[in-house]
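Can you build the whole structure from these sequences, using the hints too?
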Amino acid sequence: MRSYEKYFRMNRLPHIWCPGCGNGIIMKSIAKAAEQLGLDQDNTVIVSGIGCSSRASGYMNFDTLHTAHGRAIPFATGIKLANPKLKVIVITGDGDCTAIGGNHFIHGARRNIDLTVVLFNNNIYGMTGGQASPLTPTGKKATTAPFGSVDTAFDPCKLAKAAGASYIARGTAFHAKPLVDLIAQGISNNGFSLVEAITQCPISYGRRNKMGDAAGMLKWMSESAVPLTAYEKLAEDQKGDKFPIGILYQKTAPEYSAEYAKVIKLAQEGK
Amino acid sequence: MQQLRLCGSGGQGVITAAIILAEAAIMENKESVQSQSYGPEARGGASKAEVIISEQFIYHPKVVKPDVVLALTQQAADRYSSDLCGNGILIIDEDLVPESPIHPSIVKVPLTRLAVEELGKDLFTNIVALGLLVKVTGVVSFETIQKAVAKRVPKATIEKNMKALQIGYDSIK
Amino acid sequence: MSEARLMQGNEACAEGAMAAGVNFFGGYPITPSTEIAEIMAKELPALGGTFIQMEDEIAGIAVVLGAALGGRKALTATSGPGFSLKQELIGYGCIAEIPIVIANVQRLGPATGQPTSPAQGDVMQARWGTHGDHPMIALSPWNVRESFDVAVMAVNYAERFRTPVIILLDEVVGHMREKVVLPKAEDIEIYPRRKPSCTREEGYKPYTPMADLVPNPADFGTGHHIHVTGLVHDETGFPTGSAQVTEDTIKRLHEKISRVQEQITHYDEFFMEDAEYAVLAYGGTARTAYAAVELARKQGIKVGMVRLMTIWPFADKIVKKVAKKVKKILVPEMNYGQLVLEVERAAAGQATVISLPKYNTEIFTPQEISTAIEELAAEVVK
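Chains as they are written, first to last, in my numbering: chain A, 1 to 271; chain B, 1 to 173; chain C, 1 to 382.
Just so you know, these hints were derived from the structure itself, not from any lab. Just so we're clear, the structure is a prediction, and the values are computed from it rather than from any experiment. Don't be surprised by glycine CBs; every beta carbon is placed ideally from N, CA and C. Only true hints are included.
Derived DSS-like pairs (lysine-lysine); straight-line CA-CA distance at most 30 angstroms:
1) A:265 / B:155
2) C:42 / B:147
3) A:85 / C:205
4) B:151 / C:184
5) B:163 / B:108
6) A:161 / A:87
7) A:158 / A:140
8) A:6 / A:28
Here are some of the chain B residues that sit facing chain C, going by a computed Cβ distance under 8 angstroms:
9) 23
10) 26
11) 31
12) 32
13) 34
14) 35
15) 36
16) 37
17) 59
18) 60
19) 64
Given below as structure tokens:
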């Protein structure tokens, strides 16, 4: 047994994801981050929404909650406030987090509540067969964008930063090792952390957009993802479809459940 | 059973006055129900509060036919006094209700003016009105309404509010 | 007994919930329920509890579901538009068997409707608002003291049956103030959070039903590593596609409530001994109905009254019994005629059921209802 396997419910595996899907890599990165931090399984909760990525909660050996579509963050907020000693990790997808759950995402960030959101970004609604999400790049094809998406995509990292998150990082399924560190640091941050993890969906996204199979998509990640410091040195015309990875932003800010504990103290002393 | 209606515009404190009156009734071991209706405006707009005071449990919670209507604005007087009992009493702010509705028994007092001139603020109008209401109806004793007001208002303002009650109480003979 | 005081229905609801152990409130402000949130915001911290104002109505129920899983007794409050938005997650609470209470202070709809006006238009929505099949417990108080009692009861039922419970207040009872004497804290019975019957090592399955058909899922953070999902799941809590498990689960969800239906059916009867006619009413309307029945009795009409506190599950047996006894049942409600359909179904032709709907922002007057009683009594004579 490999050391991180205790973080999995081995009897629930194999997972339901398609051959070539990157979600397993991201999920394993979460388990390895848990191992790196020595997370207490009895005091860690994994909360997910609905979609391919959100199935991950069922495979992980903690208290786990598979919520409704888009609602993982407010459920997680309730768990964290009910019992602030719990570490709460949210697993969500691009549609779950930035479309139907978009409002909760920005408000979770605004509160800077201590949740670590791992956003599995495969640029598509995979489970339902490839509909466009708010993270489908303009021009890319989806079953609901057969002529190419005319929408402008969100940059969820910039969105989280503007909304108030205190730790923001991006990694990819190709850069699996650094992803473990990015997630571990997100969990360690006392506040709202977003780790956008780019993952490949060869079946519903790559195939339709001529990005090749899983290997082809991982190659695309290896060529497009650039560490932040290097990315910043690129001239605008060199940036093209490239995107920065690594820790994109960090700040120290009051954390919601700690701030509310002060309210309780104030109210109790006032009595 | 006494059915009282207090009305004016939002911000004049008629709901607070009605709550205090209901609390006073409870202090005298009576049954009391208070309700209100209001529009979307936080200030301004028509505001109506009702109090029913009885010796028995009150089932229907709203005033069916008021024995007393206190109106602090023209709009409120026009809208909420038409169903007043024939032998009921209409109390109006004589400055703010220049066109008094027709009714056999009307008490006119410049309530808002008294509050401004004697206490420096129209904020006390509702308490002045309560003093008058108690004088006119005797629905609770003056001592009880003093207690009820003192219990509800901020400590620092008790003295002024007691004065407001007295001014209202003394505003008619 | 504590001393008599003037209290608002919404306030009593909040106080009752806290008395029953609610220590978490999440919600979104909406007229005419906002007082409940405001009181919780002010009072919970001193009790060591938590209040959070969420970004929308859906988050308002999601956060209380999360808090309940985290070990808290949790309440949210809303009104029509918010109640509509919360429906999907009410269903989530039903299938994942999470104890929460939703107070819905009804206002006139649909849509924004008449936000500050009373109505009882969400009666059917309380039962059928979510998709799919599940039972529902909904309680409707008719006075301020009962708002307190109903809140206590709702919290206890939620815990006992591990299900969302709805408090169906209306603007009349929610916003009126009247004299109440609240029970002493030591006289209030509290149903504690159900606990797992064994450990993970001993083969604990969080959704194994106990003798009362209710499972004991562990609170998060207690070392049981449970999985909770809105998918149909077996006793382990994990999703399954099994037709048999699906059927058994839906059936059990219903039966855990239907088997105790009589215990949780709360109602009053007035003047029924010699009644030839009956008025059936609930919530704020029942107060006016009572005044009307008194008026009609003074006219010599043998009319009685049934007042339902438990709206769902519907009091079939009570209505059947009444229908056998009387000739006609009048059902006044502040809607276009909703619960009357259930009364008709339960009466099954044994008595004529007459709807008296009202949906114009005003509550009934005693005269309106007593006139209707006089009319239905007169028709028999000719």
